[in-house]
Amino acid sequence: MTDSKSPSFFAENWEIGPIFRALLRNKVGAMLIALQIAFTMTIVVNAIYIIVERSDKMQRPSGIDEANSFYISSVGFSHDFNSLVTTQEDLNLIRSLDGVIDAVQINAVPLSGSGWSMSLQTQPGTEFDGTGTAVYMIDEHGLNSLDVALVAGENFSPTDIQTRQSSQTHWPDKVIITLAMANRLFPDEGLAALGKTVYINDIEPMIITGIVDQLQAPWVGWDNVENVMLTPEIRDAKSSRYFVRTKPGQRDRVMNEVESQLAKSNSGRILRDMRSVEGTRLRAYRDNSAMISILVTVMTILVIVTGLGIVGLASFSVNQRKKQIGTRRALGASQLSIVRYFMLENFLISSAGVVIGAALTIVLNIVLVDAFSLDPIAWYYIPLGMVALWLVGQLAVFGPARKAANIAPALATRSV
Amino acid sequence: MLTMKDIKKIYRTDSIETHALRDFNLHVNEGDFVAVTGPSGSGKTTFLNIAGLLETFEEGRFELDGVDISHQNDAARSRLRNQKIGFVFQSFNLIPDLNLFDNVDVPLRYRGFSRQERKKRIEHNLEMVGLGNRMKHLPAQLSGGQQQRVAIARALAGEPRFLLADEPTGNLDSSMAQSVMALLKDINANGTTIIMVTHDAGLATQANRNIHVSDGKVSEKAMSLSPEAAQFKPSQHKRVVGLSE
Ligand SMILES: Nc1ncnc2c1ncn2[C@@H]1O[C@H](COP(=O)(O)OP(=O)(O)OP(=O)(O)O)[C@@H](O)[C@H]1O
Ligand SMILES: [Mg+2]
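Chains as they are written, first to last, in the UniProt record's numbering: chain A, 1 to 416; chain B, 1 to 245.
Some clues are possibly wrong.
Stated by the list, open to error - Stretch by stretch, here's where chain A covers chain B in the computed footprint (C-beta under 8 angstroms, at least three residues):
id, segment
1, 51-65
2, 77-83
3, 99-107
4, 110-121
Derived from the structure by calculation, the hints contain no laboratory data.
Yeah, the Cβ is synthetic: ideal placement off N, Cα and C, and Gly gets one too.
Can you make the complete structure from the sequences, with help from the hints?
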């Protein structure tokens, strides 16, 4: 007996036209919400972009065994303090401890923020430009202590290790560099850089005797953070830093052990600045982490406020349109049609919002790129942001829309 | 046809139970024009709401066009409303933000008609009520009588079997009321069954059947109306406490 044709689900009956025309007669509230959506999208998309950019930076591996490494400094003060002897005794002692894989004297530590830099060039002469690089001075235990792997060439041998005095300016004639540095010095040649000569201090030759896959300079904010050279040197200085790699899970115990053993072994020096590399990483990225927390908080608040704004406007308009909703129900609207009406209405408002938002997002990004010399935002952030804000709108309006669907059809005849 | 047998409707608010309909019996034939009169609070609107599937009832049996309504869920009832019933309200209930075209379009969209079909029906029905040249106007730009004509066009556009009207002339002056009544008679002459609640004794006599509701029950009458109902003037109409309360 009922009409065999059930209501079509195709868009032509989805009231998009009438909803749009009705919206045009109630512009103010809708425009405010659209602008709020646009504003939220602008902030959220750019914030996420910055967060991703920052956390990508934070994800970069330093190349060393961060979880199981630490370092400690020894500063001699007594008159009879012998730096070289002490260093060798200290290293022998540390290397003999249970749980230690290896240890090395090193002038700087990745992620620590302070270190040495030099410049290498492929041709001798002051007229040629060099490539900036961080310098780590290590002995033959260095690669094992840092846990970096050679991809070409060989490790320093004990006979390669030279003693460096504090005032010394000349360099050993062997050097190990990172693959990134090799590629920068000899573009497209990669491992073929092995055996080539580079020049330091404009004219001093060094032969590349090894290439390691990955190792970061101490400065995480540096664009060329993987430009690193390792030289076979032990420093004859009152202040000496030891870098220690332990077996997994033993770091904290070994740290205590090393500190107390070193303290016992020599009273002519003080020990200071003992730190795990993990702690050093946290300090290196502290500003980034803080920035990310702030951005996440701002984003969350904005999205919640926008969501609540949508809930508020939708609830208000549902209340205002009770009689209209009852009438629609009397004319045959199912509850689904009523829900769909409000969802579609919100979709139209959100659409205006996200289109404006896309434009504003790009504008803000241009400003940010200019101010903080970032890369411009990747295009796909824009459609993803639009979809996300659409979803926020649809989720927010769903409650009020269901409330509307529960309005009694009898309201059509009962309300005045 | 429409058949109600021993319909019972109770409104429950916190402490009060109102028996709005008690043992309500009625049979309406295809093509009838039924005028429903009765004192305020007697249950006329309640009856109309149940007949129009806007409200449910506690007990009894209700068949509309051969369909037993008692066990239909909300979606099915909505569909039946959309296909078989046209509503005309005392206060017109046009959607203020939509022009006349879009207003008449509302039930047709729920029906799932194609764009061409809807356009044809909207134009035809607005022309039938004499407003074919004002389709882009908003309801607020029309007189009350014109608005009610639009509401009638909207109610008829889906070609329902039944037209239910709750005091359709209640907000109109007598000449506008008379022209709306003339329109309804035309519509009835073309085969649509009409049930109209009215306080206007003069209009009621123009229907081909009169029923009187009092205290939630039907009493069929010839032409004369109870003095109580007859002395009601729409403009002075105030809701009075129902007998059943
Ligand atoms: N939603 C409701 N809740 C409680 N009681 C209600 C409700 N709707 C109607 N009633 C009561 O039911 C009874 C019948 O009401 P109804 O609206 O059907 O009367 P009516 O005959 O249409 O009156 P009027 O001529 O004033 O429109 C009245 O006592 C009324 O107060
Ligand atoms: Mg009534």
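So, going through the hints one by one against the coordinates:
Given a C-beta distance limit of less than 8 angstroms, the hint that chain A covers the segment 51-65 of chain B holds, as 5 residues qualify and 3 suffice. Counting residues of the segment 77-83 of chain B whose C-beta sits closer than 8 angstroms to any C-beta of chain A gives 6, which meets the bar of three, so the coverage hint holds. Given as covered by chain A, the segment 99-107 of chain B passes the check, having 5 residues with a CB less than 8 angstroms from a CB of that chain where 3 are the minimum. Counting residues of the segment 110-121 of chain B whose beta carbon lies closer than 8 angstroms to any beta carbon of chain A gives 6, which reaches the threshold of three, so the coverage claim holds.
Violation of the numbered hints given earlier is absent; every hint is satisfied by the structure.
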